[in-house]
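Undergrad: In case you want the letters, here they are:
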Amino acid sequence: MRRKIKQAGKAGAKAPRKKPVKKAVPKRRRVKAAARRAVRKVRRPKAVPELMGTGAVVEAQRHKAEEAKYYPRPSAYMPPRQWEREELPSSYGDTRIVLMTRDSHWIFAYWEITDARRMDIEREAHAGWDGLRKVLRVYDVTDIEFNGTNAHKHFDIDITPEAGNWYIRVGEANRSWCVDLGVITPDGKFIVIARSNVVGTPRDTASDVIDEEWMSIEEDFLKLYGLWGGFAGASPGKAQIRKILKERLEKELSSGAVSSFVRPAKYRGFWMVVNTELVLYGATEPDASVTVQGRPIKLNRDGTFSLRFALPDGEQVIPVKGVSADKEEERTITPIVKKYTK
Amino acid sequence: MEKGYLSIVLHSHLPYVRHPEYEDFMEEDWLYEAITETYIPLINVYNGLIRDGVDFRITMTITPSLCSMLADPLLQDRYIKHLDTLIELSNKEVERTRWEPAFNNLALMYQSKFNETRHIFIETYKKNILTAFREFQDMGKLEIITCNATHGFLPLMETCPKSVRAQVEVGANNYEKHFGRRPRGIWLAECGYYPGVDRYLKDAGIKFFFVDTHGILHASPRPKYGVYAPIYCKSGVAAFGRDFDSSKQVWSAIEGYPGDYNYREFYRDVGFDLDFEYIKPYIHKDGIRMNTGIKYYRITGRTDHKEPYNPDWARERAASHAGNFMFNRERQAEYLFDIMKKKPIIVAPYDAELYGHWWYEGPMFLDYLFRKLHYDQKTVRPITPSEYLAQNPTNQVATPSMSSWGYKGYCEHWLDGSNDWIYRHLHKASERMTELADSYPNADGLLRRALNQALRELLLAQSSDWAFIMKTGTVVQYAVKRTKDHILRFTRLYEDIKSNRIDEGWLADIEWKDNIFPEIDYRAHT
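Sequences listed follow chains A and B, in order.
Residue 301 in the working numbering sits at position 301 of the first sequence; the count goes up by one each step and never skips.
Residue 1087 in the working numbering sits at position 87 of the second sequence; the count goes up by one each step and never skips.
Among the hints, a few may not be true.
Stated by the list, open to error - From the structure, some residues in chain B lie toward chain A, with a derived Cβ separation under 7 Å:
1) Thr1097
2) Trp1099
3) Glu1100
4) Leu1156
5) Thr1159
6) Pro1221
7) Asp1304
8) Glu1412
No lab work stands behind these hints: they were computed from the structure.
Even for Gly, the Cβ is constructed at its ideal location relative to N, Cα and C.
Looking at chain A on its own, in the form it has when it is part of the complex (with noise of 0.2 Å):
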């Protein structure tokens, strides 16, 4: 059991890792640094990406035109100007470590941690922060009240320097989680910067407790199960329904497969696709009236007209025929057209 939490440790490394640009400076310069750090920070908060790892990359690219689009156009009110940042904050000024469950077998967490707090770690720890390996301590804390001590078993996962967030592979579902964001000193020991919520990965099959007022018989409950797989008729075996499960799940069932806002990207390969139109345009006396094919249209102010006709192949016909509004004159005019595709 504890090699196989092991191996899901390493396969959790999932986050976008960045080279960490280490310096070899002085522990004194280090934490001036640190310093001059928060302070830039204070004053021009950073774009999201760059704490945020992968998701945002494309804002960082916006397009100065999209950005107009979005702005209003100038109204009566001016906001001042301190208001007019438009990236959110690149942290809080918290130490915390937030998880969240993705499904059965991942969690997700993110954290931050003050400077102030880096510092006093490096104090406990008497080592410099850039020296300290920096680790996730994933708790198995299912069905317990836990205390720090008495998970029922942990693994580490090392994370980069500058991440923010990662997604933990824990493996097993249905058991509760808590993580600790933490340092290993160079000589072993554990220091706690932080320590998350608790959360717990679903159940990734149909459940061993049965409530006796509510018992079936067994081949009954998987015919049931089985209708999921579209095992009509047949109840499938335990392993069959790992497998119904995982085919059913990843199945394009889900929703908003089909709403206005995400329509689904539709595949053509090459195509090509020639029309033709034809338009046909004329004036006459403002106050004429006019037919085209025996069809009145409506003239323009000045007396001229247009009119746009998909042409397809054959002989089109085009009797124009224009009356004066005093119906002493009337003349037709008749265009035609041919038309063949090869």
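Based on the hints, put chain B in the right spot on chain A.
TA: Just chain B now, kept in the frame of chain A:
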């Protein structure tokens, strides 16, 4: 005597998109398209069934954000403008296609449909189609359920219980305002459930909700009847589970009805197909081609070459698919009745916009289905969840498993490299909202306005649609922008309130822009 029940559930939702600061805003078209292609066609189907004495039952979510848009005078007027442009285009199309009868007939069809839609919208329902749905509900044919306020995805809000409460409470209050009574049921956004959510539903007086198939099948203790009977959570709120088979027949890209070659092809729209100069006035002002709603082709086959759409053939297919769907439900009910020794309820939920907008013949399919169910058989009976619970008050108690109906069944679609950066900001804002609500339990005047607006901004930021879009990759910039705007507006309100210098001019400006839920009370977040 019937062998089982069928509960068709249509979930209609659109994120709150309303930009009074622009004359023309492309994303507002989502609403206009849905009104023309889905909501009004459904209203027509229901009216037809009632006129012909067909007894039917259907359940629909109309989410609070959608309700707020449908009831909004600015959007109502803009819809009419949109429709008028469409009518103008259809008039030109009737002229342009004069020499091509197959297309000319279709142009005439659109022309008459758009004019009819305009008449129904303006004359029959005085611009507010919520009236129509309310009437169907009052007649007992339709059960309208609510949704959490801005369609926030609750499983990723578990660390913010006050926000979960506010999402549910604000949603329920909005429902009451529009439909004149408390909601009995709720659609949790994306069917997102985690054990414990039901407590907040109970507090809001809600009696039932829905989960995806595995939410019930993996409940504990093991549910005796699978998804074919609801279970009660410990809080006493009932959970109904989605039936897989009936979903597959409609949803599936491969096996589903909407892929029939005689049905209308969604992707060939004159907005993309016609000469740029001609179509320019009817697409986006910046010259971006987009769907207009006038589509002339049928799916034809797995080919590029598309044949003109033939409405009669499509109608025939819709009727035969309805017959097939009904036949399958009858056999399913008989089979289940045999195993369960009681009447199963088959719950078939779909995105409402599937019907009409995407699957053009969808409303017609529903029309045929309810007619056939009424006249041609006695094995399955359409029912609403409320009616079912009234007739079957005894159900097993079990806790559903955390689940959603999104890709892979849990939270992956909303928690992914493309969108995971939003949660630290959402969670922080929620924490701050709690702090504000606790600090000012009895605010009034300007402070109260600021607090109410803070809750509006928070709820708007929590809309799951933004994370959804970021992952899907369609209009990512817009979704990112919306998330940031609402968080930033919230943050400024928070800081202004804390430092006791609320800028009334600015507050009025964002009240005007983000005017969702005029009735909101910030104390919902306590």
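Undergrad: Taking the hints in turn, state whether each one holds.
TA: Here is what the structure says about each hint:
Hint status for Thr1097 (chain B) relative to chain A: holds, with the closest Cβ pair at about 5 Å, below 7 Å. Checking Trp1099 (chain B) against chain A by beta carbon gives a least distance of about 6 Å; that is within 7 Å, so the hint holds. Contact between Glu1100 (chain B) and chain A, as hinted, is supported at the beta carbon level, the nearest pair being about 5 Å apart and thus within 7 Å. Taking 7 Å as the C-beta cut-off, the interface hint given for Leu1156 (chain B) holds, the closest approach to chain A being about 6 Å.
Interface hint at Thr1159 (chain B): satisfied, since its Cβ lies 6 Å from the closest Cβ of chain A, which is below the 7 Å cut-off. The interface hint given for Pro1221 (chain B) is met, as the beta carbon of that residue sits about 4 Å from the closest beta carbon of chain A, less than 7 Å. Interface restraint check for Asp1304 (chain B): the shortest CB-CB distance to chain A comes to about 5 Å, inside 7 Å, so the restraint holds. With a least beta-carbon distance of about 6 Å to chain A, the hint placing Glu1412 (chain B) at the interface is held under the 7 Å criterion.
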